[in-house]
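Chains as they are written, first to last, in numbering that gives the first Met the number 0: chain G, 0 to 328; chain Z, 0 to 337; chain L, 0 to 307.
Please note: incorrect hints may appear among the correct ones.
[Claimed, not checked] If you want a taste of the chain G side facing chain Z, the calculated C-beta under 7 Å gives, among others:
(1) E79
(2) N80
(3) G98
(4) L162
(5) E169
(6) S299
(7) G301
(8) I305
(9) D308
Note that these hints are calculated values from the structure, not bench results. For each residue, glycine too, the CB sits at the ideal point set by N, CA and C.
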Amino acid sequence: MKSLLRPLLAATLALALASGAFAAAASSKLIVAFLPKSKGNAYFISCKAGAEKAAKELGVELLFDGPTDSNAAKQNEIVENWITLGVDVIAVAAENREGISTALRKAQKQGIKVVTYDADAMPDARSFFVNQATPEGIGQALMDEAARLLNGEGEFSMIVATLTAANQREWQKHIEARLKEKYPKMKLVAVRPCDDLKDKAQSEATAMMSANPNLKLIMAICSPGVPGAAEAVKQAGKTGQVKVIGLGLPNENKRYVHEGVTDTVILWNTGDLGYLTIYAGVALAKGELKPGAKSFKAGSLGTFAIQGDNILLGKPFAFNKGNIDQFNF
Amino acid sequence: MLLLYVLIAEWLFFYFAGTTTNRRGIVVGFGTLDRQFDILRHSCEIGLLALALTPVIITAGIDLSVASLLGLCAILFGKFWHDAGMPIPLAAALALGCGALGGALNAALITTLRLPPLIVTLGTYSLFRGLAEAITRGSATYTNFPESFLFLGQERWLGLPTQAWLFFAVAAGVWVLVHRMTFGRSFRAIGFAPDGARYAGLPVNRRVALAYILAGLIAALAAIIYTARLGQAKADAGMGYELFAITAVVLGGTSIFGGTGSVHGTLLGVAAIAVLKNGLASLPVVMRMNAAEEMAGLLTGALLLLALTAGVLPRLWAQRRPPPAAPAIASSTPPSPA
Amino acid sequence: MSRHFRELSVVGALAVVLIAMALFAPAFFQPQPLLSLATREAPTLVVACGMAVVIICRQIDISVGSMFSVVSVCAGLLAARGWPLLLVLPVAAALGAALGALNGLLVAGLRLPSIVVTLATMVALRQGLNLVRQGEFVNMPDAVQWFGLPQATGQWLLVGSALALLVGLGLALRHLAAGRFVYAVGTEAEAARLAGIRPQRVTFAVFVFIGALTGLAAMMNIVQSPQVQPLSGMGLELKVIAAVVVGGVAISGGRGNLWGAFAGLLLLACVAPALTHLRIEAYWEKAIQGAIILLAVVADGVRQRKQN
Chain G
0 MKSLLRPLLA ATLALALASG AFAAAASSKL IVAFLPKSKG NAYFISCKAG AEKAAKELGV
60 ELLFDGPTDS NAAKQNEIVE NWITLGVDVI AVAAENREGI STALRKAQKQ GIKVVTYDAD
120 AMPDARSFFV NQATPEGIGQ ALMDEAARLL NGEGEFSMIV ATLTAANQRE WQKHIEARLK
180 EKYPKMKLVA VRPCDDLKDK AQSEATAMMS ANPNLKLIMA ICSPGVPGAA EAVKQAGKTG
240 QVKVIGLGLP NENKRYVHEG VTDTVILWNT GDLGYLTIYA GVALAKGELK PGAKSFKAGS
300 LGTFAIQGDN ILLGKPFAFN KGNIDQFNF
Chain Z
0 MLLLYVLIAE WLFFYFAGTT TNRRGIVVGF GTLDRQFDIL RHSCEIGLLA LALTPVIITA
60 GIDLSVASLL GLCAILFGKF WHDAGMPIPL AAALALGCGA LGGALNAALI TTLRLPPLIV
120 TLGTYSLFRG LAEAITRGSA TYTNFPESFL FLGQERWLGL PTQAWLFFAV AAGVWVLVHR
180 MTFGRSFRAI GFAPDGARYA GLPVNRRVAL AYILAGLIAA LAAIIYTARL GQAKADAGMG
240 YELFAITAVV LGGTSIFGGT GSVHGTLLGV AAIAVLKNGL ASLPVVMRMN AAEEMAGLLT
300 GALLLLALTA GVLPRLWAQR RPPPAAPAIA SSTPPSPA
Chain L
0 MSRHFRELSV VGALAVVLIA MALFAPAFFQ PQPLLSLATR EAPTLVVACG MAVVIICRQI
60 DISVGSMFSV VSVCAGLLAA RGWPLLLVLP VAAALGAALG ALNGLLVAGL RLPSIVVTLA
120 TMVALRQGLN LVRQGEFVNM PDAVQWFGLP QATGQWLLVG SALALLVGLG LALRHLAAGR
180 FVYAVGTEAE AARLAGIRPQ RVTFAVFVFI GALTGLAAMM NIVQSPQVQP LSGMGLELKV
240 IAAVVVGGVA ISGGRGNLWG AFAGLLLLAC VAPALTHLRI EAYWEKAIQG AIILLAVVAD
300 GVRQRKQN
């Protein structure tokens, strides 16, 4: 065993020194770390595309890492790893508001600039929040769209990602609040989780339709849920009879929108969200963006308004048959 | 012992390859003391679960439900404190009690009904997590714990992350139990040959039950530490940790068939996985690939297979070769100069 | 009667659920949604058949979910490149079989415990897939869905072939020598060896077998919709193991059959739609599934105790 040990160690050291030299040579650029809620999610992949474009334009190095599933504990670990790595900017979509904030405060103490996007952390744990649309705005947009399609009356149901995801609960809460406040003739008959699986969303939607013969609309508030529900409606032969709307990406839903199964997909321009986030983070690190600013110019996207410490991306966007082909993300 | 060398090599590799000086002239990365403490902090819960599993696996059992029980206990702890208004220590004590109860449920089904542990704990794996979701209706998250409690999970005490002290204490306790008390010997005997142990007069059922109840208790402790580290109790706490814990135990040389195994091996296994995971994340090359977690998963799987293979190859080799009894063979190969 | 008591009790439980549904939620029995649900479960049934055989052989394979994802994505990519489905199908099965052979080599060749080996391959395959695909959907041409047939035909074809596979395998397991070998090895490998069976070969074969079936199942899954999500198949292993065990296949090997596994799968598959129909909130789903598994094994335990 001893005889094996020595060459093993020698080889390790040689390898380590070689890659160490490589590492040191490459760290002269500003490093921006970009943390999604979950890495495999198409939503964040499309955010990343915008972030990469911004990083290229600005000449900074972009790190993109996150949990493979939405997991608050792993987010903290990744942020702490970045702190010890000494990145310059951390941009975070927080899975858990309080949980991530301890790690972000630590980062700020070390002189790292922190911005949040998509889902905010505690206000004292970051400088700016790039706000794509408030949970309230999303909830209202979805509920209003559902009401518009159903003329304000009828049964509808919801598909959510998991029963524990914080953002889903938040949206659901605002959807239900809007329902109570404005649409007394509409009724939410079922809420089922799909575990972020398209196949499961399809099964759930099928069961929903047979359990509720008067169902008029399915609202999916997680991106795999929308094509899943649409496929179920299509297979049930209820196209047009049961409408599908939801939060999702144009590319995953194009074919269903064109077939008339899915009426509306609501989302902001995710690429722009990533782009704007990186621009804000870098400007912050270079001292070009300071607390109290009223507006902010982000490269080719132009100027954005700042409200307090929220940089506003704009209103959520409704994709439908008429415009969905103009978008590719 | 091979694992110790692997761990040292792994650590040295990341120490040199994962440590750099950044533009501000500060040394950053794997080699910093802060990073090492972070690794320790992040390993405590999985480490505790691995410790909990070691005696269980030595008795030739398995407990897939530990991580789900962690989730359930975290929720109960939050509920006792937040909804029932109990002081933190009482809530923690009750949560520990619930953990032990959960373990006792496993133990009762396994020992009194002689059911296979794999399938019993597969059932409780769903049941415990399901109860956690049902209790909170998926949504309730308990936060705003007092600073004094968060100290346990987020600060340092006597130079080390606070929870590490608890982790070491439990490790020492389990080590003594397995290696310095008759319990440990009976665990091995049961794992090696349960009927033999029974005929030898060992109270097999009680010993096995002890292993599962202890596992439940430690899982509950991990739940409290987890809650303190993240500052939140939620139904998805610790999801998927059981796989890493089992991997650590097996890497550490404990046979999944029972009968042999050691607590220090498990600790090495936990360290090997933690160093691999965190070390990879600090390698600039891997960071640019944005794939630290996937690489770590891939390599952990590979490491596990390698460790297993390395463990059985000598035995297989010995079986394949003809017995070295024939003198003709011995004389035909001249002894090589040492 | 007593020989098939276990299977019959699952069928009984299933009947109770179905009667309850008939009384309280007759809408469950509309043919079209039921066919859709059955189609969704057809791939699961195919994997469950494989799992039953593996467990009867006193092994376990928890990497099926990851294999399912890997094969789904690979087959999806091939289909998206315009490969004819008739060609993709054998490739998918072969890929599954190859992955299963890896498990089989490690378990049978090196005599490693199957639970640990497949745990390792499960993690490695899943993370490898994440590494390569980063979660991206695969979009396929329209002609892939239902093999280009009308929807109802496609659905019947899938359900029919899954059932045909079930019946064929169920009979083969009972009446063919190879099937009896599996029981022999699962009951007592040493005795099987002395009887002239090579236990390691049988073990290797069952892993290749479940791999091939998983590949087929993945194929049956991707033709159901025009997109493949790389996450599809996540958690499949627990679902099929639970179904098989609830259906009376003993985890200690050598006992059980595919009919029981089929009934177990139907019972578990009914839980989620039943909750929706009975308007019970979804939060209870996991707890109920856990309780069903425990109930099934407790019933096993109590019965065995009485026999001894």
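Structure-based check of each hint:
| no. | hint | result |
| --- | --- | --- |
| 1 | E79 | holds (5 Å) |
| 2 | N80 | holds (5 Å) |
| 3 | G98 | holds (4 Å) |
| 4 | L162 | holds (3 Å) |
| 5 | E169 | violated (10 Å) |
| 6 | S299 | violated (24 Å) |
| 7 | G301 | violated (29 Å) |
| 8 | I305 | violated (28 Å) |
| 9 | D308 | violated (22 Å) |
In this structure, the hints that do not hold are numbers 5, 6, 7, 8, 9, in rising order.
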